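**Student:** These are the residues of each chain, in order.
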Amino acid sequence: MAVMTVLQAVNDALHHAMGADDSVVVLGEDIAELGGVFRATDGLLKKYGPERVMNTPLAESGIIGTAIGMALYGMKPVPEIQFLDFIYPAFDQIVSEAAKMRYRSGGQFTCPMTIRTPYGGGIRGGHYHSQSSESYFIHTPGLKVVVPSTPADTKGLLLTSIHDPDPVLFLEPKAIYRSVKGEVPEGDHRVPFGVAATARAGDDAVVLCWGAMVHTALKAAALAAEQGWSVQVLDLRTLVPLDEEAVLEAARRTGRVVILHEAPRTNGFGGELAAVVAERAFEHLRAPILRVTGFDTPFPYALEHIYMPDARRTFQAIERVMTF
Amino acid sequence: MASAPLTILDAPPAKKGGKRASVAEALGLSNGDLRRMHETMVRIRALDERGLMSQRQGRIGFYVPSSGEEGHQVGAAFALRPEDWCFPSYRVPGVALHRGAPVPRMVANLFGNAEDFAHGRQMPCHYTFREQNFLSISSPLGTQIPQAVGAARAMQIRGEKRVAVAWFGDGTTSEGDFHVGMNFAGVWKAPCVFLCQNNQWAISVPLRQQTRSETIAVKAVAYGFEGVRVDGNDVLAVYQVVRDAVAKAREGGGPTLVEAVTYRMGPHSSSDDPTRYRPGAELDEWRKRDPIERFRRFLLAGGHADEAWLARVEEEAKREVSEAFKEQETKGPPPLGSLFDDVFATPTPALERQRDYLLRAEGGKFRKDESGAAFPL
Chain A
339 MAVMTVLQAV NDALHHAMGA DDSVVVLGED IAELGGVFRA TDGLLKKYGP ERVMNTPLAE
399 SGIIGTAIGM ALYGMKPVPE IQFLDFIYPA FDQIVSEAAK MRYRSGGQFT CPMTIRTPYG
459 GGIRGGHYHS QSSESYFIHT PGLKVVVPST PADTKGLLLT SIHDPDPVLF LEPKAIYRSV
519 KGEVPEGDHR VPFGVAATAR AGDDAVVLCW GAMVHTALKA AALAAEQGWS VQVLDLRTLV
579 PLDEEAVLEA ARRTGRVVIL HEAPRTNGFG GELAAVVAER AFEHLRAPIL RVTGFDTPFP
639 YALEHIYMPD ARRTFQAIER VMTF
Chain B
49 MASAPLTILD APPAKKGGKR ASVAEALGLS NGDLRRMHET MVRIRALDER GLMSQRQGRI
109 GFYVPSSGEE GHQVGAAFAL RPEDWCFPSY RVPGVALHRG APVPRMVANL FGNAEDFAHG
169 RQMPCHYTFR EQNFLSISSP LGTQIPQAVG AARAMQIRGE KRVAVAWFGD GTTSEGDFHV
229 GMNFAGVWKA PCVFLCQNNQ WAISVPLRQQ TRSETIAVKA VAYGFEGVRV DGNDVLAVYQ
289 VVRDAVAKAR EGGGPTLVEA VTYRMGPHSS SDDPTRYRPG AELDEWRKRD PIERFRRFLL
349 AGGHADEAWL ARVEEEAKRE VSEAFKEQET KGPPPLGSLF DDVFATPTPA LERQRDYLLR
409 AEGGKFRKDE SGAAFPL
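Which chain is which? The protein sequence lines are A and B, in order. Residues in the first sequence are numbered consecutively from 339, following my numbering. Residues in the second sequence are numbered consecutively from 49, following my numbering.
This list has only true hints and no planted wrong ones.
Each computed DSSO-like pair below joins lysine-lysine, with the alpha-carbon atoms no more than 27 Å apart:
| no. | chain 1 | residue 1 | chain 2 | residue 2 |
| --- | --- | --- | --- | --- |
| 1 | A | 519 | A | 384 |
| 2 | B | 267 | B | 237 |
| 3 | B | 374 | B | 416 |
| 4 | B | 237 | A | 385 |
| 5 | B | 366 | B | 379 |
| 6 | A | 385 | B | 209 |
| 7 | B | 209 | B | 296 |
| 8 | A | 384 | B | 237 |
| 9 | B | 416 | B | 379 |
These aren't lab readings, by the way, just hints derived from the structure by calculation. Predicted model only: the values in this text are computed from it and were never measured.
Here chain B stands alone, though its shape is the one from the complex:
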């Protein structure tokens, strides 16, 4: 039988003292830590709501929501140090947020404007944050897994006590790069953590159509290291599990596969319609386990925060996101010539000729797209 995922939030209160507060204390988390966890989760949700709405209004072209998955994002991010490296999937914006990525720069990416670190070269939600050691996100699935192992191997070679973490969904565990990465990590005993955000659905394909394995975590056994299941909607449980996995990796104990059992409450992306393939009742069930609501109740019950503070956090998150959208919507597109930058460190003569041609052909000016192109076409 599959081991039940570790849960902390809804566990019965500890007998001794009987207070929920002891849970946080046992984890070494201060009131400030708990509040920051909540703030980041609320900020992710605020970005999601505004992002999806803006896509519906035609202000941005695309959006990838992560609603319902804030718990594992923040729990894991909290367990890392700034010098650790993150190899994200496209559904963990909270990891970047927690590590200090500025919201205006995230929103700049949604608009693909001149302020976007990626210079408008990628679709929305494909963030890149060098200062946060948060790798540029790719759409092909699982490619970041062997890369995380390579970075971890480099850390190991240099004798640095750092950890690389790779995030990916349940669908990605069917990709070759997942198995290849896990195998290399096991052989090298690389300091990395594999964080599978098992949100039950890969666009429209349910987990039972991805694997015959009883769990995702069990797959680690084949590669010679531990797999752990955790309640992905429980920020504290994820924090505990990832903290332990990271500590083990940092001390030379090798990799861990963490399966965060969660649920994608929204569509795969703004282009998706989940009512075509999944029952509403399932969503209703998972809504009861909304990671933000659960943590809210925990904070209130433990006296870590009051209603007024919680309301203020929500208001502040909405204001922050709203201001970023208003500001970023006014920014211009990336300069035309930038199309040819960063293909190489120094453009080849062929690229320089193409740049000259384009600037001549376009009169050096940005021309508004009147094709009506929209994703998916």
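Chain A with its partners taken away, still in its complex shape:
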């Protein structure tokens, strides 16, 4: 198996999908000759040509709106939004159209498409290159929301997304685009939706997390181990569909739940996870469910490292549930 970065895994998956299926097309801003601002689509134009690798005019609602039209017509578009922070002009197309097409047409029309976009903080990108706004989309029935944390999962989940019959928002944690490396299976590697992965086993507490925060959680779990606490890190991988059973199994077994995400606290997905645990595993809990999150402020520039949840704050939460 080849060792790749997360970014190379994205590129590898796209090459594989386009090579295997003519109906897969990619479109977006700067994705052709430049290969995308992060180079995720590098080499695709040369190999598959301008009919299938399309630079678009600079309008997100047009990128998604036309991708929907292609999907309706039977293609498998993989539009790229340059940064998740720029997706809002396309919000109507995603929320009112792509997500509702199958439902409102009684299954007559469908939108199988994968919207790829870099996500999250940690690159000194300020308000508009750092957001984690998954909750807007998780809150929309009809959309699947996927966040990988390893190169292998990036490829496996991206290929599953492209072949999924429904629209998928594929959030790529850009902070770990190049910093996280790992072995990636060759060929048609697929990781199923709705199956969480245990990034580290443990029995005293569980940290629920996804994307770049999985690596933060792993550092915190290592700090906890120094105290003699065995902490599980559960990487949710897909937020819709959610592997509720894995969450509940961990909650029931450990009785201590910490939820970690970059997104602002209020109405973040952590609130939903806490509710799931409280509703279905309450009698097993030995401590309050704690959240470690971004704050209810716009994403900052100079104080980014203070804003972002880190291993220290995560460890403090683990400490609290362990000593409750």
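The hints should help you fit chain B onto chain A, whose structure is shown.
**Tutor:** Relative to the frame of chain A, chain B by itself:
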């Protein structure tokens, strides 16, 4: 100065021969074609009349009439092939009708019953007809425009000689998606036709409050393709203009914006009261240009049809609609569990749990709504 919209129906008869019949011949339309155009227009009107009446009687919850706009609907629909794709607004039921959508299924949508293709999930008049390549209708305005461009781009990539047509009103030309869609189409030279049904009013807002442009058609210039104005109440003129635009798109000549100048003779919807904002005299003026009446006169003058045939068509349309209403009113609601179908191809575990809960909570049976909810609340 704005170019006058193309009109055929009331143009002076051609000198040579002097017969109106030559107009149809020049367009390549047979007597059968002309009669079918008229039939479809009359069927739309019959559906409208019964639909609005049923809403007033409380039998259905809502209705969107298109009376006065039958001409552009049928003229455009006639110019398309079955394999072309339609991205409709909510005011072009005639396009679906012409392409063979069954009236009972349209009426099923008005009742939101188990026979409705959309399983009662949308408000009335939000049709979806897969077999007719007639896309599910959305209430947000203009979203179908970039989608049509995307489908057209897919047709282009696959080398298929097909065309995508997007319909929208004059108000929608203020939406971002109109401009975005037009721009993408121009850049890609996509095989699509944009059909603006300029009916002068966006609910209560007149065209002069939507745009400073002299016409809608002129907006195409900015996107690098042609805009054409046509008399939207003239089914033959619309047919000619859309036929040419479609042919151009099919042959790789790129998109066209067609501005069909027409008038919304009825309210925006059953919830609207146009007497609050528009002068009656304006409606009276436009009534004289009723597309069905004009075409009726044309058919009679050209000897394409006689009074007896015209009367029969009206009677038949009313009977067809009436029977569909009677039949569909007796159909039951969609099954409770269907609420959770089609969110995804396969329901997520969370949806399955919610379905189990709902069926338990409701005892598995449909409960009549006693809240008195009515639109608008």
